[in-house]
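**Q** From first to last, the protein sequence lines stand for chains Y and C.
If you count the first sequence from 1, position 227 lands on 227 in the working numbering, and the numbers rise without skipping.
If you count the second sequence from 1, position 254 lands on 254 in the working numbering, and the numbers rise without skipping.
For the record, the hints were derived by calculation from the structure and aren't laboratory data.
What you are looking at is a predicted structure, and each value in this text was computed from that prediction instead of being measured.
Keep in mind that a hint or two might mislead.
[To be verified] Facing chain C, a subset of chain Y residues (Cβ under 8 Å, in silico):
hint	residue
1	W70
2	I396
3	D398
4	S400
5	G401
6	P406
7	I408
8	K413
[Said to hold, decoys possible] Straight-line alpha carbon distances no greater than 25 Å define the calculated PhoX-like cross-link-like pairs of lysine-lysine that follow:
hint	chain 1	residue 1	chain 2	residue 2
9	C	K219	C	K158
10	C	K52	Y	K380
11	Y	K384	C	K289
12	C	K312	Y	K384
13	Y	K384	C	K397
14	Y	K367	C	K367
15	Y	K346	C	K326
16	C	K47	Y	K346
17	C	K42	Y	K346
Cβ atoms here follow ideal geometry from the backbone N, Cα and C, with glycine treated the same way.
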Amino acid sequence: MAEEVDIIDQVVGQEYKYGFTTNIEMETAPKGLTEDTIRFISSKKTEPEWMLEYRLKAFKYWQGLTAPSWQNFSYPAVDYQDIIYYAAPKEKITLDSLDQVDPELLKTFEKLGISLSEQKRLTGVAVDAVFDSVSIATTFKDQLKEKGIIFCSMSEAVHEHPDLVKKYLSSVVPYTDNFFAALNAAVFSDGSFVYIPKGVRCPMELSTYFRINAENTGQFERTLIIADEGSYVSYLEGCTAPMRDENQLHAAVVELVALEKAEIKYSTVQNWYPGDKNGKGGIYNFVTKRGICLGDYAKISWTQVETGSAITWKYPSCILKGDYSVGEFFSVAVTNNMQQADTGTKMIHIGKNTKSRIVSKGISAGKSHNTYRGLVKVNKKADKARNHTQCDSMLIGDRSGAHTFPYIEINNKSAMVEHEASTSKIGEDQIFYCNQRGIGTEEAIGLIVNGFCREVLNQLPMEFAVEAQKLLAVSLEGSVG
Amino acid sequence: MLLETIKKDFIQYKAQAEPGEFLTLREAAFAEFEKLGFPTTKHEEWKYTNLKSITDNTFQSTCEIKSLVNELFNASIESKLTANFLVFVNGSLVNELSKIIEKDNSIVISSLATSRKNNQAIFNQHFGKYAKVEGQAMNALNTALLSDGAFVFVPKGKTVVHPVVIFNISDASDLNVLAQPRNLIVVEEQSTLTIVETYYATGTNASFTNVVTETYAGKSAHVEHYKIQQQAGACYQNNFTQFFQEADTNINHVTLTLDGTLVRNNLHFYMNGENCNSLLYGLYVTDNKDLVDNHTRVDHAKPNCFSDEKYKGILKGHSTAVFNGKIMVHLDAQKTNAYQRNQNILLSDDATVNTKPQLEIFADDVKCTHGATVGELDEESMFYLRSRGIPEDVARKLLLTAYAVDIAEKIKIPELVELLEQKIDGKL
Chain Y
1 MAEEVDIIDQ VVGQEYKYGF TTNIEMETAP KGLTEDTIRF ISSKKTEPEW
51 MLEYRLKAFK YWQGLTAPSW QNFSYPAVDY QDIIYYAAPK EKITLDSLDQ
101 VDPELLKTFE KLGISLSEQK RLTGVAVDAV FDSVSIATTF KDQLKEKGII
151 FCSMSEAVHE HPDLVKKYLS SVVPYTDNFF AALNAAVFSD GSFVYIPKGV
201 RCPMELSTYF RINAENTGQF ERTLIIADEG SYVSYLEGCT APMRDENQLH
251 AAVVELVALE KAEIKYSTVQ NWYPGDKNGK GGIYNFVTKR GICLGDYAKI
301 SWTQVETGSA ITWKYPSCIL KGDYSVGEFF SVAVTNNMQQ ADTGTKMIHI
351 GKNTKSRIVS KGISAGKSHN TYRGLVKVNK KADKARNHTQ CDSMLIGDRS
401 GAHTFPYIEI NNKSAMVEHE ASTSKIGEDQ IFYCNQRGIG TEEAIGLIVN
451 GFCREVLNQL PMEFAVEAQK LLAVSLEGSV G
Chain C
1 MLLETIKKDF IQYKAQAEPG EFLTLREAAF AEFEKLGFPT TKHEEWKYTN
51 LKSITDNTFQ STCEIKSLVN ELFNASIESK LTANFLVFVN GSLVNELSKI
101 IEKDNSIVIS SLATSRKNNQ AIFNQHFGKY AKVEGQAMNA LNTALLSDGA
151 FVFVPKGKTV VHPVVIFNIS DASDLNVLAQ PRNLIVVEEQ STLTIVETYY
201 ATGTNASFTN VVTETYAGKS AHVEHYKIQQ QAGACYQNNF TQFFQEADTN
251 INHVTLTLDG TLVRNNLHFY MNGENCNSLL YGLYVTDNKD LVDNHTRVDH
301 AKPNCFSDEK YKGILKGHST AVFNGKIMVH LDAQKTNAYQ RNQNILLSDD
351 ATVNTKPQLE IFADDVKCTH GATVGELDEE SMFYLRSRGI PEDVARKLLL
401 TAYAVDIAEK IKIPELVELL EQKIDGKL
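One chain only, chain Y, in its complex shape (with noise of 0.2 Å):
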């Protein structure tokens, strides 16, 4: 028993390593939210009229409403009238090559390992970096643009593809589909925009790189992804933010659309500042994701590692609206000390012969909360839909808590339905099996976590893989059970 306080006081210790800050001339936007601080965030990106109605529509219903309460955490109410909606470096932005970011911009992204500078070329990973409002940089750039792929900021994409944007910004998400998404299609500052034209597999993988930097911002971007038919994509998207007493909140919407027979895979590793160990500081991760299959035989991949926020709360989704397409659906969230989690997934069966399977792993250990939410719905015309759904908890220390809600409607006889689901600690004789084989506790644990979660950590690519792999690791280093 004294081993395992030991342990578990050694995992609460366990320091945030992108805590810092970055010094930099920030210009921001007056703190709170008005009809004036969305004319102000459009106008600072002088985006066309189209856009500033959109956004001022979205403010109105906004307005309407209040902030939802099912969820199963709490949190002090967000005063958002104290909040800062914009904020962004002094510097111009408009750079043709990175010789003309801020040193002291490209020093920070380095810190993360995540270089700008193209020498990544052999990785094969383009990024886009977003720091705090927008963003800073996108490599590779030309290449990409050689096979027709667009891969920029949403703010360069609501000039220069406006069409593109018209047509789908919102058709996923739309403003009026929750809270957040509503605030989001208001202020949203910026984010990646890609497109994949028709039959076109993109020869890398495109990654966005968040960053909070400023105190008292709230971030709010958008990301939109459109694989036309025939073509594939794979993209990264990996979080930071320095450590401060306040939570800052980020409520992201993210639409992705796959015409027919397209692939699209979205992988996550999310690592923002979670707090420390008395559950003070961290970010609220209140994000909107969903995909639609548009097409046939499309198919979206959602993969997720969440290890940082305060609060994670977030259902990234897919409406299977094409026959044959396919939706998936891969998550670890691990929850340490005080934080929160109640993460899952929708599966909407619209079309015939749609597939849809769930994997989720949830960790909690320290006084931690995990809750995985899901939906799965077969509509009446969904013939032969099939689901399967697993998803397993895993309790370290007990004072965590696992719950599992997962809600199930089916309204077609031909579905096929699958639920499992199962809670344990790590079991004894699984650590006296490796003791005995001369592993020691600390590396038998990390042994038997990485086994539960190898199933979701296989779908990300490699260098994520092997990053996921290290920051589970440092997450729960020396949680006996």
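Since the structure of chain Y is provided, determine the placement of chain C on it from the hints.
**A** Only chain C this time, still in chain Y's reference frame:
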């Protein structure tokens, strides 16, 4: 509107009630009900079950009895049992049909109204202590306006040899009826009891039964509890059953829902001591536009307890089934083992299943699993039978019967199981 009738009923009741603890309790319950109102689909626990068809209707409380009731009773499968019978029509006891064959005088099997006078101490000690009214509108309503019900008391170390059948009939021959039966079952240390709770209906009008059953199981007690619902016609039922278990108790519960327009079952177990066993089994066969909703909750409040839950459904017509199973493992309820399964077979394109198996776990040394499946009959089993020359419809029936009987057989009264199997067969 039902709400108005209820308000009138309560004023009427209050006018003639004698003041005392019981009245205070019921007044408090009514205040709670008025505060909460009828549950709506906005309430998470009632998301899929709309009570509008009940609340928009009018129902009267009545105790008139028709001769038809005797025939219905005599024709029922339960009446064939050698057992103690308490027969209630629209929530009032029918003396002519009730009979107690238990010899031991220390065992009390009577109506709730009688027991409140004759067994006051036990009544006061247990009544309303387990089925909470706070936040539970329908329980509050029952507590405020309960008519009558069964009272069973088994003192320490006794075994009730014959089952106790609580036979409920809704007689809606003349008008829409509302019945609010309330049962209290107290089984003391090391005692054994078998209860069969059964529901029938007659008449062409609608009926609404809002029933609450509280069962207290003392240390090392063993309770078998079977609920059989066969209310044909426009029958609505809200059934709340609460078990409160002391250490080392065994409870085996089976719910069979074979008929009813809208049936909502709330089944709650609370384990207040170590080494408890709770077994929950259920079968629902639905047809037409029926809706059957099973909400179960097992509270593992103490360490070293075991629970096993299995609910199966067969859906036909435009029917809907709802299942919501919650396993709550409280802080420090270590070494808990909890299992839960929900299986559904859809036989019609228009049937709907909404299932939500839920786990809430606050202790780390536990083993909990749950599973849910929805689908058609297994194609392989079907092929196996067909390849042996069994016609399709026979094969289908064979498979369905096997699937359903698995639950019926959890009932430990062989005569009853046999009769029920025939009944289920007929339904399929």
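**Q** It remains to establish, for every hint, whether it holds in the given structure.
**A** Checked hints:
{"no.": "1", "hint": "W70", "result": "7 Å, holds"}
{"no.": "2", "hint": "I396", "result": "7 Å, holds"}
{"no.": "3", "hint": "D398", "result": "5 Å, holds"}
{"no.": "4", "hint": "S400", "result": "6 Å, holds"}
{"no.": "5", "hint": "G401", "result": "5 Å, holds"}
{"no.": "6", "hint": "P406", "result": "6 Å, holds"}
{"no.": "7", "hint": "I408", "result": "5 Å, holds"}
{"no.": "8", "hint": "K413", "result": "4 Å, holds"}
{"no.": "9", "hint": "K219(C) x K158(C)", "result": "13 Å, holds"}
{"no.": "10", "hint": "K52(C) x K380(Y)", "result": "24 Å, holds"}
{"no.": "11", "hint": "K384(Y) x K289(C)", "result": "23 Å, holds"}
{"no.": "12", "hint": "K312(C) x K384(Y)", "result": "21 Å, holds"}
{"no.": "13", "hint": "K384(Y) x K397(C)", "result": "23 Å, holds"}
{"no.": "14", "hint": "K367(Y) x K367(C)", "result": "19 Å, holds"}
{"no.": "15", "hint": "K346(Y) x K326(C)", "result": "20 Å, holds"}
{"no.": "16", "hint": "K47(C) x K346(Y)", "result": "17 Å, holds"}
{"no.": "17", "hint": "K42(C) x K346(Y)", "result": "20 Å, holds"}
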